[in-house]
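Engineer: Keeping their order, the protein sequence lines are chains D and E.
Read in order, the letters of the first sequence are residues 1 to 303 in our numbering.
Read in order, the letters of the second sequence are residues 1 to 444 in our numbering.
Calculated from the structure, these hints are not laboratory results.
Take these hints with a grain of salt, some might be off.
What the hints assert, rightly or not - Distance condition first, Cα-Cα at most 25 Å in a straight line; then the derived DMTMM-like pairs of lysine to aspartate or glutamate:
hint, chain 1, residue 1, chain 2, residue 2
1, E, K59, E, E437
2, E, K191, D, D140
3, E, K191, D, E150
4, E, K59, E, D307
To be verified - Using C-beta positions, here's what the derived DEER-type ranges look like:
hint, chain 1, residue 1, chain 2, residue 2, range
5, E, G242, D, A157, 23 to 33 Å
6, D, V125, E, E86, 18 to 28 Å
7, D, V125, E, N100, 29 to 39 Å
Fair warning: this is a prediction, and the values are worked out from it, not measured in the lab.
From the three backbone atoms N, C-alpha and C, an ideal C-beta is built for every residue, glycine too.
Here are the chains, one letter per residue:
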Amino acid sequence: MSAVPLDTARGRPRRRRRDWTGLAFFTPFLLVFAVGVVAPLLYASGLSLFRDQLIGGRSFVGLGNYLDALTDPRFLEGVSRVALFLAVQVPIMIGLALLAALALDSGRVRAMKFMRLSIFVPYAVPSVVAALMWGFIYGDQFGLVGQFNEATGAALASPLAPNWVLLAIGNVVTWQFLGYNMLILYAALRSIPEELYEAAAIDGAGEARIAWSIKVPALKPALWVATLFSIIGSFQLFNEPNVLRSLAPASISTYYTPNMYAYQLAFNANQVTYSAAVAVLLGVVTVVVAYLAQWMTGRGARR
Amino acid sequence: MRSPRKTLTAAAAGCCLLLAGCGGNDAAETPAESVDRSAEIEAAMAEGGELTLWTWSTKFDGAIEAFEAEHPNIDVELVNSGQSAEQYTALQNAVSAGENIPDLAMIEYFALPQLALSEQLESVNDWGLDTLEDQFTASSWEQMSYNGATYGLPNNTGPLILIYNQEVFESAGAEVPATWEEFAEAAELIKEDSGAHITSMDPGDAGGLNSLIWQGGGRPYQVDGESVGVDFSDESTQRVSGYWSDLLADDLVSAQPGWTDEWWRGLGDGSLASWVTGAWALGNISGTLTDNEGDFRVAPAPVWDADAPENAENGGSGFSVVSGGENTALAMGFLEWFSTHEASLEAQVAGGNFPAQTATLEDPEYLDQEIEYFDGQQANQVLAEASGLVAEGWHYMPYQVYANSVFGDSVGPRIDAPGDVHEGLEEWGEELRSYGEQQGFDVG
Numbered sequence: 001m002s003a004v005p006l007d008t009a010r011g012r013p014r015r016r017r018r019d020w021t022g023l024a025f026f027t028p029f030l031l032v033f034a035v036g037v038v039a040p041l042l043y044a045s046g047l048s049l050f051r052d053q054l055i056g057g058r059s060f061v062g063l064g065n066y067l068d069a070l071t072d073p074r075f076l077e078g079v080s081r082v083a084l085f086l087a088v089q090v091p092i093m094i095g096l097a098l099l100a101a102l103a104l105d106s107g108r109v110r111a112m113k114f115m116r117l118s119i120f121v122p123y124a125v126p127s128v129v130a131a132l133m134w135g136f137i138y139g140d141q142f143g144l145v146g147q148f149n150e151a152t153g154a155a156l157a158s159p160l161a162p163n164w165v166l167l168a169i170g171n172v173v174t175w176q177f178l179g180y181n182m183l184i185l186y187a188a189l190r191s192i193p194e195e196l197y198e199a200a201a202i203d204g205a206g207e208a209r210i211a212w213s214i215k216v217p218a219l220k221p222a223l224w225v226a227t228l229f230s231i232i233g234s235f236q237l238f239n240e241p242n243v244l245r246s247l248a249p250a251s252i253s254t255y256y257t258p259n260m261y262a263y264q265l266a267f268n269a270n271q272v273t274y275s276a277a278v279a280v281l282l283g284v285v286t287v288v289v290a291y292l293a294q295w296m297t298g299r300g301a302r303r
Numbered sequence: 001m002r003s004p005r006k007t008l009t010a011a012a013a014g015c016c017l018l019l020a021g022c023g024g025n026d027a028a029e030t031p032a033e034s035v036d037r038s039a040e041i042e043a044a045m046a047e048g049g050e051l052t053l054w055t056w057s058t059k060f061d062g063a064i065e066a067f068e069a070e071h072p073n074i075d076v077e078l079v080n081s082g083q084s085a086e087q088y089t090a091l092q093n094a095v096s097a098g099e100n101i102p103d104l105a106m107i108e109y110f111a112l113p114q115l116a117l118s119e120q121l122e123s124v125n126d127w128g129l130d131t132l133e134d135q136f137t138a139s140s141w142e143q144m145s146y147n148g149a150t151y152g153l154p155n156n157t158g159p160l161i162l163i164y165n166q167e168v169f170e171s172a173g174a175e176v177p178a179t180w181e182e183f184a185e186a187a188e189l190i191k192e193d194s195g196a197h198i199t200s201m202d203p204g205d206a207g208g209l210n211s212l213i214w215q216g217g218g219r220p221y222q223v224d225g226e227s228v229g230v231d232f233s234d235e236s237t238q239r240v241s242g243y244w245s246d247l248l249a250d251d252l253v254s255a256q257p258g259w260t261d262e263w264w265r266g267l268g269d270g271s272l273a274s275w276v277t278g279a280w281a282l283g284n285i286s287g288t289l290t291d292n293e294g295d296f297r298v299a300p301a302p303v304w305d306a307d308a309p310e311n312a313e314n315g316g317s318g319f320s321v322v323s324g325g326e327n328t329a330l331a332m333g334f335l336e337w338f339s340t341h342e343a344s345l346e347a348q349v350a351g352g353n354f355p356a357q358t359a360t361l362e363d364p365e366y367l368d369q370e371i372e373y374f375d376g377q378q379a380n381q382v383l384a385e386a387s388g389l390v391a392e393g394w395h396y397m398p399y400q401v402y403a404n405s406v407f408g409d410s411v412g413p414r415i416d417a418p419g420d421v422h423e424g425l426e427e428w429g430e431e432l433r434s435y436g437e438q439q440g441f442d443v444g
């Protein structure tokens, strides 16, 4: 008899505590998440189901915008361009970042703190400023390229010419984000326990062998994070080509990258709704590619 | 060559008169009749209040000061909401949201039809200000009008002129060209003499090529209510595109984008010998290339036919009262004073503005002014003369903002490569027609 009320008395407050305290901690995040992430996504997705016209106004078209976008040569051109960019630029940048991180971690670099800072500094430069700066350097009349040509009699092509401009953009992005990726990798390297190195040294492994057999495998999660950020960054490519466009309007079209296309549609073409569809599609493509990359590395890790 | 061009112009002008007469027959029709509401405006001015004015230009601070000095009960706040297309997007957002709508905004002529069509601007006919028409140049008034009503008052214009580097021309033994034929000859002499390009053609600037087509007699854009036409295939347009294709192919003209650091330096050191531009550019060049004082002179832009010179405009803008503003009567009162009052015009000209007001253009004091930067040349006379030669009948598309934004996609590469500029124009036209259809216009 006496055990029953005791049990319920103990049970009730416990359950209540579990319900309300958790929610109290969770609510601030939930609110910010709902207002900052879910609501804009829903709003954009909703917008993308309509069509705007200068004559006729807004009308509901269902998935019409998506069907259009999937066959829109401009959108597809932009997506394949950033995919190419991703395939070439990201491995180069991550590779360089890995080299830099390993070099710093080896402890054999002089003026270590200075080196670390100077590789990282470009990341602190706003990307618009970085693109402007490189725009000056790329100038083939009065820029660094022009001065080099004049001084040496060489005839370097303008990096802003149609065939070279993607490479020129890749260079700016690599310069900017090398230090950021290096820092992710370097931090992961610092967390590898010293005992592993000592054990390896006792086994007679040299620096190169330690790097290859201990450091790189231990870096896998960090490499994955860096790669994921870079994949997302590549698909979001916007600031650099958009700034360089004023210097090379014939080389960089209004649909050069999917994000530029979305911007053009929303801000110059009176097609906010179609722009929303393009943005949603781009988001889906990015998620799919990121997932594929994760799946591939996951499979590699299991083996 | 001459007569078909003239017929075309006359036909275009006739079409426009017809439009002005009947005001179109579409749903968005605005009555073009003048309504006298001067009492209402006067009452609002007497009561005073605050006005917000959007412009990215810094040439109007003096005029605003003069206005506030004379109307101490009215506050005018100048706001920079971005340049050109950026401002129009912001304006559209404000109007459709119904919040933070400015009372007035500076609107470039090429953007006016688009903003008028989407009902973002108040017609001055509704407030009786259309009676001020004869105080402005004919072409500027035409460009502030759309479908039979006028949406604001003109402010500045950009009749084409040639700003040239005196020394580069002299050293090459080149005369200042009066016709495009002479311009091409001068280009060869200059190239031989110093290796310089006579000028550059911006692969991203639709406004520049538009004004050259206009000047050459082409009228590629036709607008009638909700039907639009885009056609670059006429002889006059082809003459212009062919002429520049040749100069680009012979490397007599470079394909540098304008307004960049490289381009300014090129003008400054003489590797670009001249600049074909609008009259507003005097202030820009004297303000930017301050080390080059005395190097440049101003001449009328070369024409196609020296016996019957015709000019065109590059750029130019007016001021409009924005729909949905809080105090339209007060805004109209300000607009009238700002656009026509002597004190305002004087301050604007002092600020480097090239006026659309005939009173200033005929004012001897303005015309005889010797401009130090141009070695004491009475440059305003050249500008006023260029303004007087502007040919009528030019219309922008009701989606010219979009049209100009995609110019670099199709025509740009043909200027840059260089190739056939006309081919680029055809592709551009194709794009504009399909965009028009998609936006619900009746594309002819």
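Engineer: Look at each hint and say if it fits the structure.
Structural biologist: For each hint, the structure was consulted:
1. E:K59 - E:E437: Not satisfied, since the Cα-Cα distance of roughly 39 Å exceeds 25 Å.
2. E:K191 - D:D140: holds, 19 Å
3. E:K191 - D:E150: holds, 19 Å
4. E:K59 - E:D307: violated, 36 Å
5. E:G242 - D:A157: 23 to 33 Å: For D:A157 against E:G242, whose Cβ atoms are near 28 Å apart, the range 23 to 33 Å holds.
6. D:V125 - E:E86: 18 to 28 Å: holds, 24 Å
7. D:V125 - E:N100: 29 to 39 Å: holds, 33 Å
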